[in-house]
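Since the structure of chain A is provided, determine the placement of chain B on it from the hints.
Top line first, the protein sequences correspond to chains A and B.
Numbered according to the working numbering, the first sequence terminates at residue 262, and the numbering increases by one at each position without gaps.
Numbered according to the working numbering, the second sequence terminates at residue 939, and the numbering increases by one at each position without gaps.
Certain hints may be false.
To be verified - Have a look at the derived ranges for each label pair, beta carbon to beta carbon:
no., chain 1, residue 1, chain 2, residue 2, range
1, A, 176, B, 828, 33 to 39 Å
2, A, 187, B, 884, 36 to 42 Å
3, B, 849, A, 162, 32 to 38 Å
4, A, 233, B, 879, 34 to 40 Å
5, A, 156, B, 870, 35 to 41 Å
6, B, 906, A, 212, 44 to 50 Å
7, B, 870, A, 260, 26 to 32 Å
8, B, 875, A, 161, 41 to 47 Å
9, B, 877, A, 152, 26 to 32 Å
10, B, 892, A, 234, 24 to 30 Å
11, B, 906, A, 176, 29 to 35 Å
What the hints assert, rightly or not - Chain B is nowhere near these chain A residues, computed Cβ spacing over 12 Å in every case:
no., residue
12, 162
13, 178
14, 220
No wet-lab data here; the hints were simulated from the structure.
All figures in this text were calculated on a predicted structure; none of them were measured in a lab.
C-beta: ideal position from N, C-alpha, C; glycine also.
Spelled out, the chains give:
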Amino acid sequence: DTGVSQDPRHKITKRGQNVTFRCDPISEHNRLYWYRQTLGQGPEFLTYFQNEAQLEKSRLLSDRFSAERPKGSFSTLEIQRTEQGDSAMYLCASSSRMNTEAFFGQGTRLTVV
Amino acid sequence: AQTVTQSQPEMSVQEAETVTLSCTYDTSESNYYLFWYKQPPSRQMILVIRQEAYKQQNATENRFSVNFQKAAKSFSLKISDSQLGDTAMYFCAFLYSGGGADGLTFGKGTHLIIQP
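Same shape as in the complex, but just chain A:
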């Protein structure tokens, strides 16, 4: 296993379009997290899954954002009706227990034009 992988690495979209990102965690990890990072800031927590259950969502996550992890393996993050303020790096991380190391992917950089 080569770690957490995210696809695509870069996405440019027009305002109002929908986009979907994919994250493949480390295979034995049951916890999966999504974070958003804007320029000059640290990552902000968006949501997390334990297996296929979405257990927590940040208040930052508007109704235009939805995440799934249908079989407890890979996860998708969809943004509907994108806005320029959605431009950011979207990071995925996974871990095997809450208090152990979270392994991060390289992120998907979204640019909304």
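Then chain B, alone, in the frame of chain A:
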């Protein structure tokens, strides 16, 4: 809610010098974890070091060590014998161990530059 503050946006030192990055946090919780993460220009976040709040002993990992002051809510990172590969963004992060909003709270980061 927890907050994490890193007051040094950027630091620059010469190779082989020792550098200390500061971090303070605010929480009403007593059980938590603190982390330092490194984010090189390739953007993949890597864990540098971790500290459990219930442990009084400061964590060390080779050239990296922390100074954890629980009462002062301070968690600084010391890098000894700095190397060019240490150049990166460094983020301090907090994780509450009791459930609830189960995610890392990050500071804004410190851009560390190691000069040859």
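Quick rundown of the hints versus the structure:
The hinted range of 33 to 39 Å is satisfied by residue 176 of chain A and residue 828 of chain B, whose Cβ atoms lie roughly 36 Å apart. Restraint check, residue 187 of chain A to residue 884 of chain B: a C-beta distance of roughly 29 Å breaks the suggested window 36 to 42 Å. Against the hinted window of 32 to 38 Å, the Cβ-Cβ separation of residue 849 of chain B and residue 162 of chain A comes to about 37 Å, which satisfies the hint. Between residue 233 of chain A and residue 879 of chain B the CB atoms are about 48 Å apart, so this pair departs from the stated range of 34 to 40 Å.
For the pair residue 156 of chain A and residue 870 of chain B, the beta carbons lie near 23 Å from each other, so the given range of 35 to 41 Å is not met. Hint check: residue 906 of chain B to residue 212 of chain A, Cβ distance near 46 Å, so the stated range 44 to 50 Å holds. The hint said 26 to 32 Å for the Cβ distance between residue 870 of chain B and residue 260 of chain A, and at roughly 28 Å that hint holds. Under the hint 41 to 47 Å, the C-beta atoms of residue 875 of chain B and residue 161 of chain A, about 42 Å apart, fit the expected range.
Hint check: residue 877 of chain B to residue 152 of chain A, Cβ distance near 30 Å, so the stated range 26 to 32 Å holds. Take residue 892 of chain B and residue 234 of chain A: their Cβ atoms lie about 37 Å apart, and the range 24 to 30 Å is violated. Between residue 906 of chain B and residue 176 of chain A the C-beta distance comes to about 32 Å, which sits within the given range of 29 to 35 Å. Every beta carbon of chain B lies more than 12 Å from that of residue 162 of chain A, the smallest distance being close to 20 Å; the non-interface claim holds.
With a cut of 12 Å on Cβ distances, residue 178 of chain A stays outside the contact zone with chain B, its closest approach being about 14 Å. Every beta carbon of chain B lies more than 12 Å from that of residue 220 of chain A, the smallest distance being close to 21 Å; the non-interface claim holds.
When the structure is compared with the earlier hints, violations turn up for hints 2, 4, 5, 10 and for no others.
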